[in-house]
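For reference, the chains in residue letters:
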Amino acid sequence: MEPISFIWPLTGGLLVGLSAGLYLLMNGRVAGISGLTASATGLSRGGSRGLGIGFVVGLLIGAALASALIRQPVLTITSSVGLLVVGGLLVGFGTRWGSGCTSGHGVCGLARLSPRSLVATGTFMAVAGVTVFVVRHVLGDG
Amino acid sequence: MIRLFVAVLCGLLFGAGMIVSDMVNPERVLAFLDVTGAWDPSLAFVMGGALIPSSIAYLIRRRMDAPVVADTFHVPESRSIDLPLVGGAVLFGLGWGLVGLCPGPALAALTTGAWQAFVFAGALLTGMALFRLTVDR
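Chain order of the listed sequences is A and B. With the first letter of the first sequence counted as 1, position 17 gets the number 16 in numbering that gives the first Met the number 0; the numbers rise by one all the way through. With the first letter of the second sequence counted as 1, position 89 gets the number 88 in numbering that gives the first Met the number 0; the numbers rise by one all the way through.
It cannot be assumed that every hint is accurate.
[To be verified] Facing chain A, from chain B, some residues (calculated, C-beta under 7 angstroms):
id, residue
1, M0
2, V7
3, L11
4, G48
5, P52
6, D64
7, H73
8, P83
9, G94
10, G112
11, A113
12, L132
Simulated from the structure, these hints should not be mistaken for lab results. We put the beta carbon where it would ideally sit given N, CA and C, even for glycine.
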């Protein structure tokens with residue numbers, strides 16, 4: 000994996016924050032991708048299905064356009080099929096149970112200093128860090 | 000209709016952000032989470048960058064009675080730290096640390112055509128459905 004200039008993550012982060020900020024001020028809603036995805040697919044009791052579908056479709060188009068016009072991503076995914084399935088199940092179930100993910104709790108929740116989001120973000124960051132440590136440095140040979 | 004247009008526009012910005020930041024790349028995310036290894040600080044810039052406009056928007060919101068094109072704000076008001084919040088965050092963190100994909104990047108990764116992204120997204124939706132069928136009945 001090539002190192003990248005901090006300009007890329009900073010610019011990408013600003014785009015994400017702009018998205019979250021506009022969505023709040025215009026539509027009055029939290030731009031949390033787990034919630035929007037659940038709404039879009041009819042897997043949520045709350046939220047607007049139409050807006051969820053609109054946001055998710057926009058996200059897919061935006062990612063495709065940025066890949067074509069701005070920066071071609073080179074993905075490195077080393078997980079086995081089994082790990083992808085287990086990871087996906089945990090992320091899907093966990094983000095719904097915990098009412099949010101990196102965007103809803105991390106970006107929107109921290110921005111408004113929500114105590115729930117501070118706890119959630121601290122928890123999933125810490126658990127993810129410990130998980131990577133165990134996989135790479137305890138179980139693995141890293 | 001205008002609200003749908005805003006949702007699509009915000010989705011476009013968000014999706015572009017996933018690609019531009021390289022958060023769509025699981026290896027980049029895992030390298031950020033690997034603080035005792037060859038640490039890659041990139042994603043701290045994503046988070047920091049995102050919090051600037053987002054925080055400004057939440058400050059502006061305090062002076063607004065209603066959103067620009069909707070009737071009311073739908074922002075969670077709960078302040079209780081409970082088992083679902085922490086338990087969900089633990090499960091999410093575990094899955095995120097195992098693969099390096101959270102929901103936003105997982106959707107964006109679909110557009111690269113990588114088969115792993117489709118397996119992960121299918122499992123993610125299944126996990127959401129399982130929650131809906133069990134806890135959230």
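Each hint tested on the structure:
Annotation: interface hint on M0/B violated; nearest CB of chain A at approximately 10 angstroms, more than 7 angstroms. Nearest Cβ of chain A to the Cβ of V7/B: about 4 angstroms, under the 7 angstroms cut. The hint holds. Checking L11/B against chain A: minimum C-beta separation of about 4 angstroms stays under 7 angstroms; hint holds. Of the supplied interface hints, the one on G48/B holds, with its beta-carbon coming within about 2 angstroms of a beta-carbon of chain A, less than 7 angstroms.
For P52/B, the interface hint holds, the least distance from its beta-carbon to any beta-carbon of chain A being 4 angstroms, beneath 7 angstroms. With 7 angstroms as the threshold, the beta carbon of D64/B stays out of range of chain A, its nearest partner Cβ sitting at about 11 angstroms, so the hint is violated. Look at H73/B: its Cβ gets to within about 5 angstroms of chain A, closer than 7 angstroms, so that hint holds up. For the restraint placing P83/B at the interface with chain A, the shortest Cβ-Cβ distance is roughly 5 angstroms, inside the 7 angstroms limit, so the hint holds.
The beta carbon of G94/B comes within 3 angstroms of a beta carbon in chain A, closer than 7 angstroms, and the hint placing it at the interface holds. Hint status for G112/B: violated, given a least beta-carbon distance of 10 angstroms to chain A, over 7 angstroms. The interface hint given for A113/B is met, as the beta carbon of that residue sits about 5 angstroms from the closest beta carbon of chain A, less than 7 angstroms. With a cut of 7 angstroms, the hint placing L132/B at the interface with chain A is violated, because the nearest CB-to-CB distance is about 9 angstroms.
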